[in-house]
Amino acid sequence: MLNSKIPEGPLENKWRNYQIKSQLINPANKKKLNVIVVGSGLAGAGAAATLAELGYDVQCFCYQDSARRAHSVAAQGGINAAKNYQHDGDSVWRMFYDTLKGGDFRSREANVYRLAELSAPLIDHYVQQGVPFAREYGGVLVNRSFGGVQVQRTFYARGQTGQQLLLAAYSQLYKMKHAKKVTMFPRHEMLDLVVIDGKAKGIIARDLVTGQLKRFSAHAVVLATGGYSRVFRLSTLAIGCNGSAIWKAHKRGAYFAAPSFTQIHPTALPQTSKAQSKLTLMSESLRNDGRIWVPKKKDDDRKANSIPEEERDYYLERRYPSFGNLAPRDIASRAAKERIDAGYGVGRLKNAVYLDFKHAIERFGMGIIKDRYGNLFKMYKKITGVDAYKEPMQISPAAHFSMGGLWVDYELMTTVPGLYAIGECNFSDHGANRLGANSLLQASIDGYFVLPNTINNYLANALKEEPPTVEHPEFEQVENEVQHHIYKLLAIKGRKTVDHFHRELGKIMWQECAMSRNKKGLEKAILQIEKIRSEFWTDVKVTGSDKEMNTELEKALRLADFIELGLLMCTDALQREESCGAHFREEYQTSEGEALRMDNDYSFVSAWSYSKDGFKLHKEVLKYENVEPTVRSYK
Amino acid sequence: MKITFKIWRQENSNTSGDFKSYDVDGLTEDMSFLEALDHLNELLVQRDEKVIAYEYDCREGICGQCGVFINGRAHGPHANMTTCQLHMRSFKDGGTIVVEPWRAKSFPIIKDLVVDRSAFDRIIEHGGYISAKTGTAAEANAILVGKEIADKAMDAAACIGCGACVATCKNASAALFTAAKINHLNNLPQGHQEADKRVMEMTWQMEQEGFGSCTFTGACEVECPESISITNIAEMNARLVKAKWLR
Chain V
1 MLNSKIPEGP
11 LENKWRNYQI
21 KSQLINPANK
31 KKLNVIVVGS
41 GLAGAGAAAT
51 LAELGYDVQC
61 FCYQDSARRA
71 HSVAAQGGIN
81 AAKNYQHDGD
91 SVWRMFYDTL
101 KGGDFRSREA
111 NVYRLAELSA
121 PLIDHYVQQG
131 VPFAREYGGV
141 LVNRSFGGVQ
151 VQRTFYARGQ
161 TGQQLLLAAY
171 SQLYKMKHAK
181 KVTMFPRHEM
191 LDLVVIDGKA
201 KGIIARDLVT
211 GQLKRFSAHA
221 VVLATGGYSR
231 VFRLSTLAIG
241 CNGSAIWKAH
251 KRGAYFAAPS
261 FTQIHPTALP
271 QTSKAQSKLT
281 LMSESLRNDG
291 RIWVPKKKDD
301 DRKANSIPEE
311 ERDYYLERRY
321 PSFGNLAPRD
331 IASRAAKERI
341 DAGYGVGRLK
351 NAVYLDFKHA
361 IERFGMGIIK
371 DRYGNLFKMY
381 KKITGVDAYK
391 EPMQISPAAH
401 FSMGGLWVDY
411 ELMTTVPGLY
421 AIGECNFSDH
431 GANRLGANSL
441 LQASIDGYFV
451 LPNTINNYLA
461 NALKEEPPTV
471 EHPEFEQVEN
481 EVQHHIYKLL
491 AIKGRKTVDH
501 FHRELGKIMW
511 QECAMSRNKK
521 GLEKAILQIE
531 KIRSEFWTDV
541 KVTGSDKEMN
551 TELEKALRLA
561 DFIELGLLMC
571 TDALQREESC
581 GAHFREEYQT
591 SEGEALRMDN
601 DYSFVSAWSY
611 SKDGFKLHKE
621 VLKYENVEPT
631 VRSYK
Chain L
1 MKITFKIWRQ
11 ENSNTSGDFK
21 SYDVDGLTED
31 MSFLEALDHL
41 NELLVQRDEK
51 VIAYEYDCRE
61 GICGQCGVFI
71 NGRAHGPHAN
81 MTTCQLHMRS
91 FKDGGTIVVE
101 PWRAKSFPII
111 KDLVVDRSAF
121 DRIIEHGGYI
131 SAKTGTAAEA
141 NAILVGKEIA
151 DKAMDAAACI
161 GCGACVATCK
171 NASAALFTAA
181 KINHLNNLPQ
191 GHQEADKRVM
201 EMTWQMEQEG
211 FGSCTFTGAC
221 EVECPESISI
231 TNIAEMNARL
241 VKAKWLR
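One line per chain: the protein sequences are V and L, in this order. So that you can map any letter, position 589 of the first sequence is 589 in the working numbering, and since no number is skipped, the others follow by simple counting. So that you can map any letter, position 42 of the second sequence is 42 in the working numbering, and since no number is skipped, the others follow by simple counting.
Hints listed in this document are in silico derivations from the structure and should not be mistaken for laboratory results. Any given hint could turn out to be false.
Stated by the list, open to error - Computed spacing ranges between beta-carbons, pair by pair: (1) I143(L) - K298(V): 58 to 66 Å; (2) V631(V) - S131(L): 30 to 38 Å; (3) G95(L) - L349(V): 22 to 30 Å.
The structure displayed is predicted, hence computed values, not measured ones. Every residue gets a Cβ at the ideal spot worked out from N, C-alpha and C, and that includes glycine.
Use the sequences and the hints to build the structure in full.
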């Protein structure tokens with residue numbers, strides 16, 4: 001039975017009630033308690049720095065050469081907060097409601113309310129840490145609109161908000177490293193979790209420089225390892241982003257919630273060759289003035305500018321007259337896929353749609369468009385070599401964010417006692433679809449404000465137990481299993497590269513488990529992925545050894561886990577016989593092709609447990625005591 | 001496209017390295033430079049050879065992890081661009097591309113094209129932050145920061161920590177990197193309390209790490225992917241002199 005541990009009392013008082021009742025630890029005792037934090041993005045660095053400030057002994061791990069590289073760095077747009085600085089009617093309640101509705105009513109009321117409640121103090125915190133947010137001439141903070149919300153609550157630092165927040169968190173973390181309260185382990189990758197007597201007590205990590213396996217013990221383990229959308233191979237994520245840490249935790253007992261809920265972003269740059277490794281995101285803001293279209297004629301080989309107006313299909317404006325080009329991400333992505341699949345795609349690989357600024361330039365003049373989007377047009381030119389002031393951009397949907405992740409309760413603890421999951425790697429606040437500028441927010445709130453106030457409730461009791469030690473036979477056992485796993489992989493010496501298998505997996509996941517899904521396709525995908533798994537384990541080739549820096553081995557280990565995660569994602573998408581948010585099952589749509597939610601049967605969080613015989617479903621029923629779930633419409 | 005890559009191969013920090021040549025066919029102009037290296041690595045695996053180690057992560061020019069010397073220039077032939085943003089259309093079909101790791105004593109080679117830039121982290125550790133604990137912040141608009149000040153701080157704060165400034169400098173100076181962080185924080189009212197201590201400790205650590213001195217050649221700002229201006233170095237020096245006089 002899943003206990004979400006939601007505190008008593010009215011929604012507005014829950015977090016305060018929780019804090020009043022949670023256990024405290026004497027400052028002198030905190031230094032005796034060790035916490036492992038895996039990941040150094042906004043969630044990980046924020047948690048590690050704050051826990052260290054509170055007096056805990058912290059070990060922080062990241063696979064990159066420095067904490068400053070974590071993928072939070074790449075977020076462009078901004079961070080939401082219910083400050084109501086614009087005097088436009090914003091409030092904690094409104095932000096709570098927008099987020100809950102944006103997630104299509106598949107998240108927990110109490111968690112989402114806490115997210116909105118803590119958003120304002122978070123902006124105070126980041127300003128204090130030296131984040132150079134955009135300012136008015138008079139010196140006050142600026143806000144802008146974002147992602148279909150009717151108030152202005154997004155704070156930003158040019159197009160580099162994620163970078164500036166991460167650098168603040170990173171410098172706070174290295175301040176605590178300097179104070180010898182945090183030990184940093186860069187270029188270390190967690191390969192397994194050690195559970196002793198049912199509690200998380202440490203990890204096995206690989207030193208990516210020497211290849212050595214190392215044991216680390218702690219009173220509690222915090223995973224802050226980010227999203228896993230690289231399962232699609234082509235995504236907007238960093239190349240190193242992976243699901244291995246949470247997958248290993250899942251196999252050791254942590255339930256995985258809503259694994260198939262993936263946000264596909266409509267405005268990325270299309271794939272141009274088979275060798276492509278990454279899809280670059282172009283800010284969603286472009287859709288404010290750009291018009292999206294494809295030719296009305298199939299396989300039209302004319303250049304965009306030679307296709308006359310009456311032969312263009314502005315399909316978003318046609319299908320969603322009231323929202324038009326500003327339809328939400330899930331809708332816009334699905335509509336693009338529909339046109340591309342029907343044979344109207346453009347570009348060399350026929351996998352893109354046009355985003356055209358011709359009318360905007362005619363209407364506002366070149367100067368205004370340059371002022372609004374100059375940096376994005378410059379970036380587009382750098383990557384594609386094309387001048388988008390003269391011909392339309394080519395854009396395409398790309399995997400972007402994992403709403404799913406390890407199931408956590410109100411304390412952000414997984415189903416393994418002593419194991420926490422924070423930031424994008426958990427399933428908590430976004431439901432079936434995340435609103436723009438809420439990801440930096442959730443990662444930061446989890447790391448800075450929530451975890452440091454909930455972990456004490458567990459650690460207070462850990463004090464009474466034997467301190468964990470890496471000499472325990474369970475560490476020996478898990479390390480041997482990891483070593484065996486690596487040897488097995490290196491011994492295959494097959495014929496195909498890791499990237500070959502990743503491309504195959506990506507193709508299937510993209511076709512069957514991305515923007516639109518159906519029973520037949522998902523069943524087929526599961527069989528195909530099982531085939532990839534068995535081929536991978538008999539025919540993959542990894543050169544070099546495990547006792548050196550070996551980037552090919554790193555990729556192989558991550559892919560082995562992605563393959564298994566792909567199976568769970570398809571299983572999850574198959575089980576959920578409804579459409580909600582980003583999860584669109586073709587069988588469940590209205591006559592107009594819109595998502596059809598089945599609240600009577602599916603108003604629950606799907607949490608999966610792992611066993612050798614297959615995944616087992618557990619349900620956390622979602623209760624809406626404060627709002628009435630409604631239908632989202634964009635017509 | 002067909003390219004001959006001449007790439008620095010070095011087993012680890014204890015061995016010496018040398019250049020190896022690889023003829024690579026089947027490249028396209030749309031490929032990024034790093035994708036061309038990915039392609040080469042797949043060929044190497046198929047030939048039972050060890051892959052080339054090189055660094056990258058975000059592949060969109062912001063994480064700062066990538067960075068190699070390409071035909072004698074940091075991040076390749078274009079100014080103000082990261083290695084991951086470079087595409088094969090910038091090279092001639094049939095040409096040769098020489099690829100080397102960042103060359104600086106303070107960035108020791110770990111393997112092939114991978115270097116250790118932890119010296120940058122240690123500079124940050126010595127005051128590249130504001131000493132305030134989580135939970136102690138006042139209301140964000142309580143301290144006003146004019147737009148010009150915020151913009152100036154942001155110009156400096158944009159540094160991605162890639163190390164191109166050091167790699168391209170004939171003195172291997174980290175002055176641009178260090179100045180960018182100092183000026184980001186010292187320009188903001190939030191950073192004023194520790195301003196003098198910050199500039200003294202960070203520049204001291206910069207010297208401890210063995211980086212060379214700045215002689216204002218301006219090479220760094222040409223390669224900096226964020227176009228951070230060398231006027232930041234002059235500002236840092238002025239701040240340093242002031243901080244020392246005030247003591």
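- [ ] Evaluate the given range 30 to 38 Å for the C-beta pair formed by V631(V) and S131(L).
- [x] The hinted range 30 to 38 Å is violated for V631(V) and S131(L), with Cβ atoms some 50 Å apart.
Open item on the list: Is 22 to 30 Å respected by the C-beta to C-beta distance linking G95(L) and L349(V)?
Closed with: Holds, at about 26 Å.
Open item on the list: Looking only at beta-carbon atoms, does the pair I143(L), K298(V) fall within the given range of 58 to 66 Å?
Closed with: 60 Å, holds
Hint 2 from the list above is the single one not met by this structure.
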